[in-house]
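There are 2 protein chains.
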Amino acid sequence: MHSFQELSAQFEERFNVRHFPTHPQTLYDPAQYILGIQGKRIRPVCVYMANELFTPVNDDAYHAGASIELFHNFSLIHDDIMDKAPLRRGMETVHQKYGNNTALLAGDVMFVTAYENLGRISARYLPRSIEIFNKTAKEVCEGQQLDMDFEKMHDVKFDDYLKMITLKTSVLVAASLQMGAVLGGAGLGNQDHLYEFGKNLGIAFQVQDDFLDAFGDASKTGKQQGGDILANKKTFLLIHAREYCSNAANTELDDLIKNNTADKVEKVLQIYKDCKADNWSAELKDKYYNIAIKHLEDVAVLDSRKTELKKLAADLMMREK
Amino acid sequence: MHSFQELSAQFEERFNVRHFPTHPQTLYDPAQYILGIQGKRIRPVCVYMANELFTPVNDDAYHAGASIELFHNFSLIHDDIMDKAPLRRGMETVHQKYGNNTALLAGDVMFVTAYENLGRISARYLPRSIEIFNKTAKEVCEGQQLDMDFEKMHDVKFDDYLKMITLKTSVLVAASLQMGAVLGGAGLGNQDHLYEFGKNLGIAFQVQDDFLDAFGDASKTGKQQGGDILANKKTFLLIHAREYCSNAANTELDDLIKNNTADKVEKVLQIYKDCKADNWSAELKDKYYNIAIKHLEDVAVLDSRKTELKKLAADLMMREK
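Just so you know, the sequences run in chain order E and L.
Numbered according to my numbering, the first sequence spans residues 5 to 325.
Numbered according to my numbering, the second sequence spans residues 5 to 325.
Please note that the accuracy of each hint is not assured.
Unchecked claim - Chain E is faced by these chain L residues, among others (derived, beta-carbon under 8 Å): (1) Thr106; (2) Val116; (3) Tyr119; (4) Glu120; (5) Ser126; (6) Ala127; (7) Ile134; (8) Cys145; (9) Leu306.
To be clear, the hints were calculated from the coordinates, so they are not data collected in a lab.
Every residue, glycine too, gets a C-beta built ideally from N, C-alpha and C.
From just these sequences and the hints, can you work out the full model?
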């Protein structure tokens with residue numbers, strides 16, 4: 005079994021090529037550009053790790069990993085247009101650098117390229133892979149739409165927020181693990197357990213993300229404390245506070261959201277603490293982490309093969325940034 | 005063999021359903037909306053007509069036709085965003101009605117739905133169908149990018165314009181015919197002849213389109229004469245005139261494009277006539293039409309089976325609107 009780092013390097017070695025024709029440059033250079041903004045390649049490595057539970061990492065796992073990574077980058081390009089984001093990982097976003105229209109088209113052509121890679125999967129696994137891929141791709145679009153819908157709403161219910169965050173961020177990791185299992189010849193039960201492992205781990209990760217943004221140590225996260233609060237972003241913490249804090253605190257939240265006073269972060273954090281949103285979110289994270297681990301344990305392969313996936317999950321939960 | 009109208013009705017009967025889940029409505033209603041702006045369903049009928057050369061129209065032809073029609077509508081949604089077009093076939097465009105972000109996402113999810121339909125094609129034809137579909141989808145994106153690039157250029161060469169228009173409008177019709185043949189069990193030679201038939205017919209159609217916009221009878225086209233001239237659109241006529249008219253006329257064209265004087269259309273038309281762009285474009289149309297027909301003739305099935313396709317081609321060429 006290989007570590008995350010080893011598999012990441014293994015994937016990167018093959019993936020780090022030009023994925024597009026040279027002409028028209030005005031379309032394909034922008035598409036290639038975002039692939040050069042190095043991410044961690046978490047999703048393809050998830051394909052590899054799940055694949056390696058059942059078989060030495062095979063060619064199909066590369067094709068699936070590449071198609072998922074390309075899909076992920078397609079969604080980043082289009083999300084950045086929608087969010088009007090100027091930067092991604094410290095680099096100019098595609099639309100910022102090349103204009104909205106070209107970014108839109110570069111995203112579209114990246115999406116086609118994702119399907120091209122998917123189409124290289126062996127015939128016996130192809131229909132099932134396409135099925136998982138399409139279902140997930142639709143869900144990711146649904147998640148983005150719900151996120152935009154929620155921005156305009158005053159109150160968002162916990163269950164709705166959970167659903168949005170699951171669609172927007174967790175299902176793609178879940179599908180990556182599931183597809184790795186499919187391509188390793190795993191049975192339906194094992195495929196499903198890996199999917200649920202990824203889905204619940206993704207939720208735990210997002211809960212942790214919201215917590216760190218509010219209560220993390222800025223010297224470790226490298227981000228301004230309370231960035232979500234300043235941006236009036238809906239988070240697990242805000243949604244919990246809205247539901248459980250007093251009417252007076254709710255009114256204060258309304259005022260704080262309207263007026264960006266200098267003590268905004270401090271005051272919102274106090275409201276979170278008063279309704280114990282910090283403790284609640286730690287418990288919520290543990291809850292989803294434990295569900296994830298239970299599903300991993302239920303995968304019917306030798307425990308010793310699961311070491312690296314368990315390590316990855318634990319590392320993600322222990323992180324302070 | 006069935007006529008265009010019969011096959012159009014046959015396709016429409018099955019296609020005229022909701023293609024999307026109900027939730028989230030904010031995403032899927034906009035996607036469904038554009039499918040309700042009735043087009044002629046030319047591309048799926050091309051799948052059917054080519055399919056019927058070889059076999060009674062089958063289920064696979066429906067899935068291919070639906071996937072191509074969905075892809076076509078995806079590209080319309082995104083093109084309308086890029087072109088900032090407020091209307092399509094007299095109805096509000098998706099972004100005009102629902103906003104740019106939702107239109108972008110509705111396009112994306114339409115694209116996934118196209119692949120879902122494609123994935124329903126029988127396993128034995130699936131890899132080849134995906135291959136044709138992906139190649140064509142990339143080409144359509146390339147065509148749109150070239151079109152945007154050309155808008156910013158003063159001079160566009162005939163060959164480059166021909167390539168752009170081929171990618172933007174002809175290859176999808178060509179691929180529709182080709183896929184119909186594939187799904188009818190046709191051999192590679194017949195597949196290629198039908199592709200070339202569609203591609204060249206598409207070019208002839210576009211040449212005719214440019215001609216009618218400039219020289220057509222407004223009472224028949226239902227459009228303002230010289231709409232392309234008023235919009236400073238690059239057309240076959242303008243590109244020909246740029247290349248073959250005198251330096252003086254070229255300078256006059258520059259002035260006319262800069263200043264929208266009342267006699268702009270009249271004067272540009274005179275320049276077109278002076279360099280015989282009208283005659284040239286009629287010959288150009290005939291040239292591509294004849295190439296198309298030659299490829300149709302070379303398809304190795306009984307002539308009597310080709311009647312409806314020949315009729316369709318002739319009707320498209322004889323049109324005055």
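Given hint Glu120(L) near chain E, where the shortest CB pair must fall under 8 Å: Holds, about 5 Å.
Cut-off 8 Å, beta-carbon criterion: hint that Ser126(L) touches chain E: Since the shortest Cβ distance to chain E is 10 Å, the answer is violated.
Interface restraint verdict for Leu306(L) against chain E (beta-carbon cut-off 8 Å): violated (34 Å)
Minimum beta-carbon distance criterion (8 Å), Thr106(L) to chain E: holds (7 Å)
Hint check, Cys145(L) versus chain E [nearest Cβ-Cβ separation less than 8 Å]: holds (4 Å)
Hinted contact Val116(L) with chain E - closest CB pair below 8 Å: Because about 5 Å separates Val116(L) from the closest Cβ in chain E, which is inside the 8 Å limit, the hint holds.
Given hint Ala127(L) near chain E, where the shortest CB pair must fall under 8 Å: Status holds, d = 7 Å.
Hint validity - Ile134(L) Cβ closer than 8 Å to any chain E Cβ: holds (5 Å)
Chain E contact restraint on Tyr119(L) - CB to CB distance below 8 Å: holds (6 Å)
Checked against the numbered hints given earlier, this structure breaks hints 5 and 9; the rest are met.
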